[in-house]
Each structure stands twice: as structure tokens, then as C-alpha cells.
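J.: The residues making up each chain are set out below.
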Amino acid sequence: MIAMIISLIRTLLLYIVIVIAVRLMGKRQISELQTSELVVTLLISDIAAIPMQDTGQPLASGFIPIGILVAAEIIVSVFMLKSGKFRQVVCGKPIIVIDDGKIDQKELRRLRLTTEDLFEDLRQKDVFSLQDVAYAIVETNGKLSVIKKPGKDSVTPDLMQLTVPDKGIETVVISDGVISETSARACKKSVAWIENVLHAKNLKAQDVFLMTANTAGDYQIIKKDGKQP
Amino acid sequence: MNRIWAAIVIIVMLVGMCIFGTVMTDRMTTDISTSLLKISDAIREGDSQKAESLSKSANKDWQKYHKRMSMYIPHDRLEEISQTMAVLPTMIVCGSNEDAQAECARAQEQIRHVFDTELPTMDNIL
Chain A
1 MIAMIISLIR TLLLYIVIVI AVRLMGKRQI SELQTSELVV TLLISDIAAI PMQDTGQPLA
61 SGFIPIGILV AAEIIVSVFM LKSGKFRQVV CGKPIIVIDD GKIDQKELRR LRLTTEDLFE
121 DLRQKDVFSL QDVAYAIVET NGKLSVIKKP GKDSVTPDLM QLTVPDKGIE TVVISDGVIS
181 ETSARACKKS VAWIENVLHA KNLKAQDVFL MTANTAGDYQ IIKKDGKQP
Chain B
1 MNRIWAAIVI IVMLVGMCIF GTVMTDRMTT DISTSLLKIS DAIREGDSQK AESLSKSANK
61 DWQKYHKRMS MYIPHDRLEE ISQTMAVLPT MIVCGSNEDA QAECARAQEQ IRHVFDTELP
121 TMDNIL
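Top line first, the protein sequences correspond to chains A and B. When the first sequence is numbered by my numbering, its final residue is 229 and no position is left out of the sequence of numbers. When the second sequence is numbered by my numbering, its final residue is 126 and no position is left out of the sequence of numbers.
Just chain A, same shape as in the assembly (with noise of 0.2 Å):
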């Protein structure tokens, strides 16, 4: 019983140093991992489970490789931020696989990447035919992008030259009843101005679910259920 209550203390305290560890690293350790970044990731992942099993090692032989890794990653990030040779050595260098239309084989070969793999990934960026490629780079985190022909691409309104009205960024300023300053000023809308139509609606902050604004003025309001307009 008392092993199990040690176990239970040891996870709370690795999974604390764990979030502080990757919320140090930066938020793009979440979504797109470089290779020392994959690396640091698994190892962390690794090394906090062993004290985390076994109460006979000390919490210390989990603490501290994680507390170098961490360390180690910032300053390597802050290198490559500085130097391009650095981030090349460390990252390697996006790579064309298809260079005008024509595959580069000899670029395949090198990437161990087969046929199927290119076209796998064609597929999962909208692309199901090679004529449609101009050309498609394998990025240093592993991901395919594509450029399409000119004649292939998707219609924007600036090719049709058309004018877009601009309704800036659209955020979140009332959520469960709570008005989100922060989400009202990335908007640029203040709290009186959220305050004023939902008094022009007849509605408290209370009453509201959902709102949404945009910097163009349009909102959107979605009421708590059972709530009377």
C-alpha cells in the first residue's frame, strides 16, 4: 500500500516536471518535430518512466537527464535560430523530389522513400495525379509539400481579381457566461462594446453560451440552452 502511494507521489511529480519541461521547449515541440526535438521527446518519455516504476530509483536519476535534455534542446533551438550551417547539421535540408514535373530517383533512393510512400503523401495533400505536380520538397521535419501546376491550382479571388472584404481575425469573447478580455482586444473590441450588444439584444453575459466577434464588427451569439431571448 504505502509502494503504491510512493508511486502515486513520483507520477504527480514527473508529470509536473514533464509539462514544465515541454512548455519550456516551446509549443513547436506539439506540433512539428525536428529531429533532435523527435529525439528529446521519446528519450524524455523513456526516462521518466523508469522511476516512475521502480520506487527504488531515486527520483533524482529521473530529474536530472530530463532537466539536461530540456536544456540541451533550448540551446540547440537557440543555435539553429542563429546559424543556418547549424540548423543544416542538425535538421538536414529540405529535399526536391520532384523538380519541374520530373522525379528526382536519385533523391528517392537517398531518402529511402519508395513510390508508394511520394504518392501516399500526394494523396494526402488533395493531389491524385503526378501532372498535376510542379514540384513537391520533402521538408527537414519529414512532411511533403506540394506546389501544383500553375493550370492546376485552386481558383483564388485574386487570380479571378476580385476584392475580398477584410474581416480581420474572429475570436471567442464570451465562453460559458465568461467575457475573455484577451479575446475581446485580439479583435480589437473592448468589454463595453460586448456589453453593449448584448444590451441591445436584451441579453447578460450570463445568458450567452457562445459569442464570437471579428474586428469588422460581425458577431454572433449563441444562447445558453433554456434561456429566454
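Fair warning: there could be bad hints in the mix.
Restraint ranges, calculated between C-beta atoms of paired labels, are given here [stated by the list, open to error]:
{"no.": "1", "chain 1": "A", "residue 1": "176", "chain 2": "B", "residue 2": "117", "range": "52 to 62 Å"}
{"no.": "2", "chain 1": "A", "residue 1": "13", "chain 2": "B", "residue 2": "27", "range": "19 to 29 Å"}
{"no.": "3", "chain 1": "B", "residue 1": "125", "chain 2": "A", "residue 2": "49", "range": "32 to 42 Å"}
{"no.": "4", "chain 1": "A", "residue 1": "111", "chain 2": "B", "residue 2": "82", "range": "49 to 59 Å"}
Hints were generated in silico from the structure; no laboratory data involved. Beta carbons: idealized from backbone N, C-alpha and C, even for Gly.
Given the coordinates of chain A, work out where chain B should sit on it, guided by the hints.
T.: Then chain B, alone, in the frame of chain A:
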């Protein structure tokens, strides 16, 4: 830039902790080794009363050090020493001198091993 400072602080703190741990381990293991040497001498001289009181005092000291060391040394390594230290006073009183000497040597070797494995030497790193 705040992150780089956080990274530097983390590294400095961890390096400091590691150095402090090594220095503390050195002090504690040296202290216990000296006590064990004195016990061994007392056994050799046939002064079992002195050897017993020394071993009890060394055991008490070890209990204190065990708690501190268990914060950064795997517990099973320390447990082995605790077991050896615990049987030493009884061994001196009830056992033969040779057995007590052997147990004393075992404890010394285990303590030396704990310190050796904590040193940042090439052997330990590789």
C-alpha cells in the same frame, strides 16, 4: 531569450547538484570507511567491546547517511550496505574474529563500490 536563461539556470543548478552529491558521497563514504577501519583494528587487537561500540556508532551514522544518499543513489545498492552494517555488531559479539573481520571487509568493499560508481570517471561514463 528568456528560455536560454532558463536553460542556463537549469544546467548550472543540475551541475551544482551533481558536484554537491559527489562531494557529499565522498565525505560520507570516507567517514564510514574510517569507522570500519577502526572496527577492523579493534577486532584484530581482540578488543571486542570497543569493536562492538564502534560498530554500533558506525551503524547509527550509516542510517543517517543512507537517508541522504537515497536521494540520488539507487536504493538497492544502499540496502546491501545497511544489511551488512546491521549484522556487524552481533557478528563481533557472537561470531568469530575471522567472520567479523570478513563482514567488516565486505562493508568496506560495498562502500568503496558505492563511491566508485558515483565518480564521473571514464569507466563509469562508458
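J.: Each hint needs a verdict: does it hold in this structure or not?
T.: Results for each hint:
1. 176(A) to 117(B): 52 to 62 Å: Holds, at about 56 Å.
2. 13(A) to 27(B): 19 to 29 Å: 27 Å, holds
3. 125(B) to 49(A): 32 to 42 Å: About 23 Å separates the Cβ atoms of residue 125(B) and residue 49(A), which means 32 to 42 Å is violated.
4. 111(A) to 82(B): 49 to 59 Å: Distance hint for residue 111(A), residue 82(B) holds at roughly 56 Å.
Against the hints set out earlier in the document, a violation occurs for number 3 only.
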